[in-house]
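Trainee: Sequence:
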Amino acid sequence: MDVNAVRTFVAVVDSGRFQEAAAELGITQQAVSKRVAALERSLGVRLLARTARGTEPTIDGQAFLPHARELLLAEERAAASVRPGRRALRVDVIGRRLATAALLRDFHRAHPGTDLDVVTLFDADTAVAAVRAGTIDATFRAVTMPGRKLPEGLTAVRALDEPLELLTGPGHALAGAGAVTPASLAGHRIWMPGIVDGTEWAAYYAALAEAFGLTIDSVGPDFGVEALLDAVADSSALATFVGAQTRLVWPAGYGLRRIALTGPTPVYPHCLVWDSANAHPGLAALRAHLAGLRPARAGARAWTPDWAVRGVFRPGPP
Numbered sequence: 001m002d003v004n005a006v007r008t009f010v011a012v013v014d015s016g017r018f019q020e021a022a023a024e025l026g027i028t029q030q031a032v033s034k035r036v037a038a039l040e041r042s043l044g045v046r047l048l049a050r051t052a053r054g055t056e057p058t059i060d061g062q063a064f065l066p067h068a069r070e071l072l073l074a075e076e077r078a079a080a081s082v083r084p085g086r087r088a089l090r091v092d093v094i095g096r097r098l099a100t101a102a103l104l105r106d107f108h109r110a111h112p113g114t115d116l117d118v119v120t121l122f123d124a125d126t127a128v129a130a131v132r133a134g135t136i137d138a139t140f141r142a143v144t145m146p147g148r149k150l151p152e153g154l155t156a157v158r159a160l161d162e163p164l165e166l167l168t169g170p171g172h173a174l175a176g177a178g179a180v181t182p183a184s185l186a187g188h189r190i191w192m193p194g195i196v197d198g199t200e201w202a203a204y205y206a207a208l209a210e211a212f213g214l215t216i217d218s219v220g221p222d223f224g225v226e227a228l229l230d231a232v233a234d235s236s237a238l239a240t241f242v243g244a245q246t247r248l249v250w251p252a253g254y255g256l257r258r259i260a261l262t263g264p265t266p267v268y269p270h271c272l273v274w275d276s277a278n279a280h281p282g283l284a285a286l287r288a289h290l291a292g293l294r295p296a297r298a299g300a301r302a303w304t305p306d307w308a309v310r311g312v313f314r315p316g317p318p
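Counting from 1, position 87 in the sequence shown corresponds to residue 87 in our numbering; the numbering is continuous, with no gaps.
Hints should not be assumed to be uniformly reliable.
[What the hints assert, rightly or not] Using C-beta positions, here's what the derived DEER-type ranges look like: (1) Pro151 - Ala227: 32 to 38 Å; (2) Val312 - Glu76: 23 to 29 Å; (3) Ala173 - Val219: 18 to 24 Å; (4) Ala52 - Arg77: 34 to 40 Å; (5) Glu76 - Ala31: 17 to 23 Å; (6) Asp197 - Ala110: 33 to 39 Å; (7) Glu76 - Leu43: 40 to 46 Å.
Everything labelled a hint here was simulated from the structure, so no lab data went into it. Positions of the beta carbon are idealized from the N, C-alpha and C atoms, including for glycine.
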């Protein structure tokens, strides 16, 4: 059914005259007649009748009129649901305890009028594909991994460099240190059972291990953060890496230590990735909010993999 024809029919009924409906719709009186005639042919009934006072709906027209109004209202609701700024801004974060989720919480506090839909997709490949397909507006990810290319039309900007910290139990040999260098961790067992081959975080920690001669062990089932904290707290040999802004809570008796890494400081390069053609005003507000954060970078003595996006990256044509 032609929605414009339905709109024209309703306009004629409301105004009572073809000429006034034409003026309201910004079309000719002949176009009004053609639209109504086409609608009547498609329905197989006569909807309007000319009288001495103008135009009135027939019995069939009266029956059709309330449904026509509902159809036009449904069209308006459908258009409003995707109109820029009317739907929630949909953003992916790698985890709800991590620094990027905190960035979104800060943004929401600063822009309470912007509706947010926060999702957690699995890895960068999945998230970038979702941005390209338009199922999400943006994602916070470390890009681009070795052998990967950001698709044309997408933009990535370094949003936050999150320093890594060493997490140990109270009985670990490094538990009393105020800070350690990455190179000094060679020979220590760093256990990270959540590493999954092919993901951006696996690529990051592989590069970190190679750069500083570390042994990062991902063997064993991943039972979640709580189980990892249990194991580290009870061990004199195990340690793990955590982001400095990652929210962790553990029982007071665990005595876990968060130890700074310096000389250099490994940082996890969180980037915001979005489609350059996306006109959602909430996305523009988010980008402006992130650009206003200072400092967002960890400085010259920071380490990131060679493949990590630096500054703003816009891929050109293939």
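Trainee: Work down the list of hints and note, for each, if the structure agrees.
Mentor: Now for the hints, and whether the structure bears them out:
no.	hint	verdict
1	Pro151 - Ala227: 32 to 38 Å	37 Å, holds
2	Val312 - Glu76: 23 to 29 Å	38 Å, violated
3	Ala173 - Val219: 18 to 24 Å	21 Å, holds
4	Ala52 - Arg77: 34 to 40 Å	38 Å, holds
5	Glu76 - Ala31: 17 to 23 Å	22 Å, holds
6	Asp197 - Ala110: 33 to 39 Å	38 Å, holds
7	Glu76 - Leu43: 40 to 46 Å	22 Å, violated
In this structure, the hints that do not hold are numbers 2, 7, in rising order.
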